[in-house]
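**Student:** Put together the whole structure using the sequences plus the hints.
These protein sequences, in sequence, are chains G and L. Going by the UniProt record's numbering, the first residue of the first sequence is number 1, and it counts up by one from there. Going by the UniProt record's numbering, the first residue of the second sequence is number 1, and it counts up by one from there.
Please keep in mind that the hints were generated in silico from the structure rather than gathered at the bench. Just so you know, even glycine gets a beta-carbon here, dropped at the ideal spot from N, CA and C. No false leads were slipped in.
DSSO-like mimics (lysine-lysine), calculated; alpha carbons at most 27 Å apart, straight line:
#, chain 1, residue 1, chain 2, residue 2
1, L, Lys349, G, Lys368
2, G, Lys318, G, Lys413
3, G, Lys168, G, Lys472
4, L, Lys349, L, Lys118
5, G, Lys413, G, Lys300
6, L, Lys349, G, Lys370
Not close to chain L: a few residues of chain G, all C-beta gaps over 12 Å, as computed:
#, residue
7, Asp150
8, Lys219
9, Ser227
10, Val328
11, Arg462
12, Leu465
13, Gln530
14, Asn548
One-letter residues, chain by chain:
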Amino acid sequence: MEKSGSIDSLGSKRSSSRQPSVDSLSSTSTSRSDRSAQAKPPSAMSSDSMSTSAEFSPELRVKPKTAVKQVLRDSEKEEPQLLPNETVQDMAQDITYFCPFTGAVRGTVMVTNYRLFFKSTDREPAFVLDLPLGVVSRVEKIGGASSRGDVSYGLVCKDMRNLRFAHKQMEDTLRKSIFEVLIKFAFPVSNGLQIFAFDYGQVFPENGWKVYDAISEYKRQGIPNESWRITKINDHYELCDTYPSTLAVPVNIPDEELRRVAAFRAKGRIPVLSWIHPESQATVTRCSQPMVGVNGKRSKEDEKYLQAIMDANAQSHKLFIFDVRPCVNAAANKKNGGGYESEDAYQNAELVFLDIHNIHVMRESLRKLKDVVYPNIEDSHWLSNLESTHWLEHIKLILAGALRIADKVESGKTSVVVHCSDGWDRTAQLTSLAMLMLDSYYRTIRGFEVLLEKEWLSFGHRFQLRIGHGDKNHTDADRSPVFIQFVDCVWQLTRQFPAAFEFNEYFLVTILDHLYSCLFGTFLCNSEQQRLKEEIPKRTVSLWSYINSQLEDFTNPLYVNYSNHVLFPVVSLRHLELWVGYYIRWNPRMRPQEPVHQRYKELLAKRAELQKRVDELQREVTNRSASSSSERAGSPTRSITPVQTFV
Amino acid sequence: MLTGSKTTFKVRQMLPDIKERMLSQSGVNARSRDVFGLRCLPGECVLQRAVMVRKKLTAREGRGWLSGTLFCTHFRVAFVPQDSPKPDDNADPVLLGDHDVALASIDKVVVVGPNRTKLVTPNSSLKFTPEELVLYCRDMRVICFLFDRLTPDAQVIEITYTIAKTYQPLKPGSVLSFQNAALGSVEMKQFLSNRRRDTHMNWFESTSDWEQELERCGASGWRVSSVNDRFEMSTSLPRFIVVPQKVLDTELKKSFSHFNEGRIPRWCWRHPRGSDLLRMASFQNNIYHEKDDIRNLEMILFGCQSSLCVVVELGEELPSPADIQLAHSRLRALCLGDISTSVSVPDDKWLSTLESTHWLDYTRLCLRKASEVACLLRGGHLTVALQEAEDRDVSCVVSSLVQVMCDPHCRTQRGFQGLVQKEWVMAGHRFYSRINYHRDNDKEEAPVFLLFLDCVWQLWSQYPSRFQLTEDFLLAVHDSVHLPLFSSFLANCQRERCKRSQNHGQSYTPVNGWRDGPHPDSSSDPCDPPLPPVWDWALQYSKRRQDRFTQPVPPSPPLQPLLNGNLNTNPDAHKLTDTIPGSVFLFSRGTFSCPANLLPWRSTSSGIYKKSHRRAPSSEGVPGLERLLKAWALTDIPQGLTSNSGSQGPLDPFEPLLPVLMGPCMGLWKECYLRGALHAQAFSHPISANHPHPVERLAAEVQQLKDKLAQASAGPDVKPPIKTAERPLTDANLNQNTNNGTFLFPGSRPHGTCVSRVTAPPTSTNHQHASSRGRPPTTAAPSRSSHRDNSSKHTFLFGHSSSTEARPDQRYHPAPNNAKLPKSNGSVAS
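**Tutor:** Structure below.
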């Protein structure tokens, strides 16, 4: 009933706002993010467009689904399509939104248990802002600063923007401001409520929870084999509660010894296989730091274990241990009982530090980046300002580290062990990037989903802590943009190898949008164990359900399946770029005039059409040559060589 | 294996199969050079050769290494890959092969030994055997050759010495010997003199050329004047200039003295909305004796628009040639990062160092100024006169950029070439002095033209689908500037070019006061070779590479612009109203004003104007003009813009391409400046190079099948297969660096959106072909004719765009083939 009420109240504006508007694109939310934030299932989408097109004038209805359509779709959202189980919580009139790009706008605000929806009343066509509450990091009441009793609220968002609203002082002091209501639903965890993902009941044709299955992924890699086995020792998360239940370990280490190794590794995160080279059998293994401590403790089992990892690869008599941290930090960890492997204890192992800084440094760097890009950019000092954030430098170090790992495995045919302190932040970045470089499977859409499910989700990257879903404690030192940084690195790879990835930029942006939106269950919780306990797969929808149900939106038409290709990117800062399409997408001036995304789709269609033509012509040639060669002996058609088709 | 620091690696691995292949080849080394397939120019001889050398391929070429033989001749360093096809002796000579570099382009020679690097000069001696030879070129290429262990040491050392001795760091006199090495032989002279000019571009050399341009722009009210036919009025202006019809030559003659170097206001271009673009030098000799003088000056300046003239002052805001030179030399130093010097910019200071070159600031300034001018012109019915003190540097940049932004014709290869002829070559940009080929005039050196190319690249990278020319073409122009071989660049104005060709074979004494002649002293040596124009691309680029100069699919129709605050999409709302006829405004630093002394003859000191025109300069009309520029202010989003659904359709093609100029949007032209990029050594997987993109393969396949079909169905009486379409070469390398969201273009040429939104029927010939085949000929006929109707807009999918001009060149042409096919198909089917 609340729902219908909302439609009525907005209904009066409908006729005016129905005009196909380019203008609403200039709202601070881009069309892209709007689409993703909305996350409408395909079925809902089609019915939605049907109903809206019926309201349009006839000549618009016949228009094909082109950029024009896109514009219509954006403007039509002037009243939100509520998602299943989304309910309106509060509405307010006469709210001012201070857009940093176009100035103050007056309008109405609606808050649901999923989103904030602002629609202007003083602009024609209407200006719309549609924001999933999950992206709100903190709400600040900027009280009393403005005169005439206005109350002002600032919304600091996790996705590189800040929003500011104001409304008149409430006359009825008992009534809560709409932003008080918003706080409640923006931070459900802190307010004893449920995250919206548990309510969202959309059904998709694809079930994303089935994308990843550890056993079949290991099988794809050829595990088990003569040197590696799959162990069920962690089936009940007793060996390590942050690891997945299925682990791949060297064959000749029995489960009993694994327990002793676990005792020597921080949080019990023993070295386990992430990836194995299909030919050389060189492996990428990951773990946490050894509990060496100030006294230089040793563990026979751990040493034997690493020896076993090395022995599993017959091609090399060496093992590289990549400690991702800067050397100083690794040494400092000894105070807390941690540390790094000494080369004396581990024979034939070479220890390399990759100098990547910790989560706090990264958080600070991204904060600086936000200052530089939002809302205003200083043109004349843009590059030096960007440099001073060090963000690209961190990206470079991560890519360089991953490159070294990939090179050792591919060119050196040597197995590597990767760890940081706990092995769930930088280690996940490095192993997954190296695997992306080494294995073309992970460069497909499904493969990338598997990669995230495996290296990030199942191996316990602590999404809940790093992102702080529904948690109001925005100063939490555990928050850090580790995953964003990883996606940025992937984007850098796609820039350098435009034909090597099946997915496009929109896919990456969509993943990051739903990292915060709390619409899907994919990025909730900290570990596989927690997700199982919370019955996430049963109670929520997977992001991959949504994505895999409309793959065409996320497909890169330039993709060529160069299997067996290893990508070695250039990691010089000269060849890295700031991901403008993500970090600066809120600035309407940054939007390019050439609709690349649209073009992608056209290209895909073109490709399919060409393929069809080849097939047709081929059939014809076969027919023709069969008939004409019988007519004219010695005609050139005889010599026709079969032409294979590709793709 | 890796050596080097954490982030810099070098690959020192050799693929076993290459090694074996090289071994098997080594037996043949000693024989004639034909084995290696170097085709010499007439008179060119090989000075030194080294076998089993590997050339490092750039990202654009697919990365990795290519093995072959390295040559050094008097003219070039040539590299012939093994397995390259045997040269065709009957083909026209090509100055430079795909892997060659002219000696004159080389800036520095550096060798890398086991533990050291050394800059090699003509006098230096080597104490070690180099493993790597790195050639740093003036056009910012870095070419790297790797010597194998199997390359005889003597060859390695000898070729290094030979290159170092012959590449001649340019000095007075060396240019001529270089030209002679390339073009001096009798055969070459003959060959060049028989070369036909490209008749599909406008050379702006004759009256009719200019008239053609007037007609193309629909510029009535203007005429071509030959008053400067003998360069008596102005030495730096071309022989023909375009002036208002109303002004007679006799009247015109009196005006020259009032402008610096006699560069009076001349017409450049007319916007389809009726505004004219003029350019002129600064005023001088500000004493006006006669009323008629003033009347003429006014007429020349106002052109056909009697109401309004805006003088755009360029000198103040735009970089001076000296600024440009400084910025470019910093950029060069930064990007080339010579490995022989230890001082290179650390990676973490790259961004701020790039910023401090100011190169990107200067491109932004030029683009901003050009955008402003484009917005003014769009307003309609006014005259915009660009004024620069000498009218030979940044005014070339701005006037040509405005046309690239506004005129789709200038975004085609031929149109662009014509534009450069018009606004640079003929307009008297001092190429010769600015490029400083002889290295004898450092004070004048300034790569103004390269700044312009960078600006065009910025536009291209933001609007790739609106250009028919490609980045490859821009690169080719960029690189050609550094070759002292082309008549287009080896003179400062048309007069010099004419002198040169007239005096060819005779001697002449330089005219007094003519100081910037191409060869100040003994230049008129009778054996001077004739110089070709730069636009004769076949001299430098193989057909295959020339094909990459243009997109095979026609540029897509412009889309409704996105209102992102950078565009003013509603110019009609800003009609200029109520301006008093004869108003002149100065546009400078983003604001309009009407200073009293803007036109010196109107200023108070000259009483004559006052007598005839009793009107004080007024500032009315300023608001109207300012509105034209509001495109730059986001707050001014026009109201009611979207009320008509028609606005969704394709836009006026003359809507200017206004670039986004915010910091993050100004890119560095990496494909040009970072081509060498030795600091960032990438690994390359053995098989990554040169895999065609599947779409490309599909395209080639469709073509192949069509040919076969035609052959099979037409029988023996039909001419054997139509020239197979050049495979549209894509840069589908897996690892090509791309720029801002645009890799669709270079990477995906074959499958652009030729089936566009403009016309309803499936327009590519492909479709018609498909649909008409098998049907009775009666249905085939109309579909063919409909194709012909559309042919001005659409061409064959993989053929060439002929949207702007017919291109009767060697490319595949669907029409004749097409006309035959349905009929014969029908007969076979029946």
